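From first to last, the protein sequence lines stand for chains Z and F.
Note that UniProt numbering numbers the first sequence so that position 104 is 104, with each residue one more than the last.
Note that UniProt numbering numbers the second sequence so that position 63 is 63, with each residue one more than the last.
Take these hints with a grain of salt, some might be off.
[Claimed, not checked] A few chain Z residues that face chain F, going by a derived Cβ cut-off under 8 Å, partial list only: (1) Pro25; (2) Val120; (3) Ala150; (4) Ser152; (5) Leu154; (6) Leu156; (7) Asp161; (8) Cys167; (9) Ile177; (10) Ala183; (11) Arg190.
Please keep in mind that the hints were generated in silico from the structure rather than gathered at the bench.
Please read all numbers here as calculations on a predicted model, not as lab measurements.
Glycine residues also receive a C-beta, built at the ideal position from the N, C-alpha and C atoms.
Here are the chains, one letter per residue:
Protein chains: 2
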Amino acid sequence: MATTEILTAERILEVTEEVLRRHGPAKATVVDVARALGVSHGSVYRHFRTKAALREAVTKRWLDRTSAVLEDIVAQDRDPEARLRDWLAALFTAKRRKAGDDPELFATYMVLTAESGEAVGEHIAALTGQLTAIIGSGVDSGAFAVADPAVSALALFQATDRFHDPCHAREWEQPGIEGEFEAVVDLVVRGLRA
Amino acid sequence: MATTEILTAERILEVTEEVLRRHGPAKATVVDVARALGVSHGSVYRHFRTKAALREAVTKRWLDRTSAVLEDIVAQDRDPEARLRDWLAALFTAKRRKAGDDPELFATYMVLTAESGEAVGEHIAALTGQLTAIIGSGVDSGAFAVADPAVSALALFQATDRFHDPCHAREWEQPGIEGEFEAVVDLVVRGLRA
Numbered sequence: 001m002a003t004t005e006i007l008t009a010e011r012i013l014e015v016t017e018e019v020l021r022r023h024g025p026a027k028a029t030v031v032d033v034a035r036a037l038g039v040s041h042g043s044v045y046r047h048f049r050t051k052a053a054l055r056e057a058v059t060k061r062w063l064d065r066t067s068a069v070l071e072d073i074v075a076q077d078r079d080p081e082a083r084l085r086d087w088l089a090a091l092f093t094a095k096r097r098k099a100g101d102d103p104e105l106f107a108t109y110m111v112l113t114a115e116s117g118e119a120v121g122e123h124i125a126a127l128t129g130q131l132t133a134i135i136g137s138g139v140d141s142g143a144f145a146v147a148d149p150a151v152s153a154l155a156l157f158q159a160t161d162r163f164h165d166p167c168h169a170r171e172w173e174q175p176g177i178e179g180e181f182e183a184v185v186d187l188v189v190r191g192l193r194a
Numbered sequence: 001m002a003t004t005e006i007l008t009a010e011r012i013l014e015v016t017e018e019v020l021r022r023h024g025p026a027k028a029t030v031v032d033v034a035r036a037l038g039v040s041h042g043s044v045y046r047h048f049r050t051k052a053a054l055r056e057a058v059t060k061r062w063l064d065r066t067s068a069v070l071e072d073i074v075a076q077d078r079d080p081e082a083r084l085r086d087w088l089a090a091l092f093t094a095k096r097r098k099a100g101d102d103p104e105l106f107a108t109y110m111v112l113t114a115e116s117g118e119a120v121g122e123h124i125a126a127l128t129g130q131l132t133a134i135i136g137s138g139v140d141s142g143a144f145a146v147a148d149p150a151v152s153a154l155a156l157f158q159a160t161d162r163f164h165d166p167c168h169a170r171e172w173e174q175p176g177i178e179g180e181f182e183a184v185v186d187l188v189v190r191g192l193r194a
């Protein structure tokens, strides 16, 4: 790092991801991160007080990248059912891309998410919150009829978990998966309709 | 084994399961099985030509135990929606019991199912076949409206996989899982209704 560059939390997290990719989650240390940044490890600890906090933050950043893309779909002024279908398809696409384009980094984050329950819990809450908003606008428009949009959002999220939960990642490249995704989405969307 | 007892395939599989439980899937051998039965390994090979065939057969037997219980529900002369709900609940109960009551044996079978793709494929085909029969009778009675019961059966099976796929086993004892199961079942059953 050029000595004139300001050491931001974001810059540390960027480099942490690179270090994790290179060394793997078992071996990567804060000293490795500091070395890659050309700073002392004390400088890293000023932003992240422990190694665990740094790992949690980099995991959260990785998970947030997906929620940010989906948030745009929630905010659109369009038919709720179309938004719901697009949202589910975008989630599936984002997860597949993460798993398929960079399998080593994906495997690394599988280790990190397993150890950082809080980041995953917040991620799922953010995603089901987005779904609740879409379902709620469908209830308002009369397209959907559900007793409690938050309960239906969680059910919908869980009913489609084959297409976003990493424990199913190996199934995402199997032939026929697109058709299976469509059939599940059709079934659950029908279950919401008025 | 008493020398007068006939060495049946079923008896070999029973003992194989015990040997797998005791030695673990990595170490269990055909010689261990033969020794536990008090016979030569040639006697075992007369029933199962290879170690792989023996492992496949014991896996199939374990999976078939679940399908056999569910078959009774399919055959009942009752309201299709009630049978469908009972079938899904019975599958969840059976899988939870397998995972919770004997975690070591469950872990053993997770290794075996991962190596024996055919037995798992046949198991899933048997289960979705049962679902297809229930959905088909719901279409006949006018309770359900679906274009193709087999497609809906697979979608329903996949939409509920959180409650039967072993990759979710750790979630089965979490608080709130019962309510989540009910919410997903309500959603998908609504998706089938006429």
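So, going through the hints one by one against the coordinates:
1. Taking 8 Å as the C-beta contact cut-off toward chain F, the hint placing Pro25 of chain Z at the interface is violated, the least distance being around 19 Å.
2. At its closest, the beta carbon of Val120 of chain Z sits 12 Å from a beta carbon of chain F; the interface hint therefore is violated under the 8 Å criterion.
3. A distance limit of 8 Å between C-beta atoms decides the matter here; for Ala150 of chain Z the minimum to chain F is near 10 Å, and the interface restraint is violated.
4. Interface restraint check: Ser152 of chain Z against chain F, minimum CB-CB distance 7 Å, threshold 8 Å, status holds.
5. With its C-beta approaching chain F no nearer than about 7 Å, Leu154 of chain Z sits inside the 8 Å limit, and its interface hint holds.
6. Taking 8 Å as the C-beta cut-off, the interface hint given for Leu156 of chain Z holds, the closest approach to chain F being about 7 Å.
7. Interface restraint check for Asp161 of chain Z: the shortest CB-CB distance to chain F comes to about 5 Å, inside 8 Å, so the restraint holds.
8. With a least beta-carbon distance of about 4 Å to chain F, the hint placing Cys167 of chain Z at the interface is held under the 8 Å criterion.
9. For the restraint placing Ile177 of chain Z at the interface with chain F, the shortest Cβ-Cβ distance is roughly 10 Å, beyond the 8 Å limit, so the hint is violated.
10. For Ala183 of chain Z, the interface hint holds, the least distance from its beta-carbon to any beta-carbon of chain F being 4 Å, beneath 8 Å.
11. The criterion of a C-beta within 8 Å of any C-beta in chain F is met by Arg190 of chain Z, whose closest approach is roughly 4 Å, and the hint holds.
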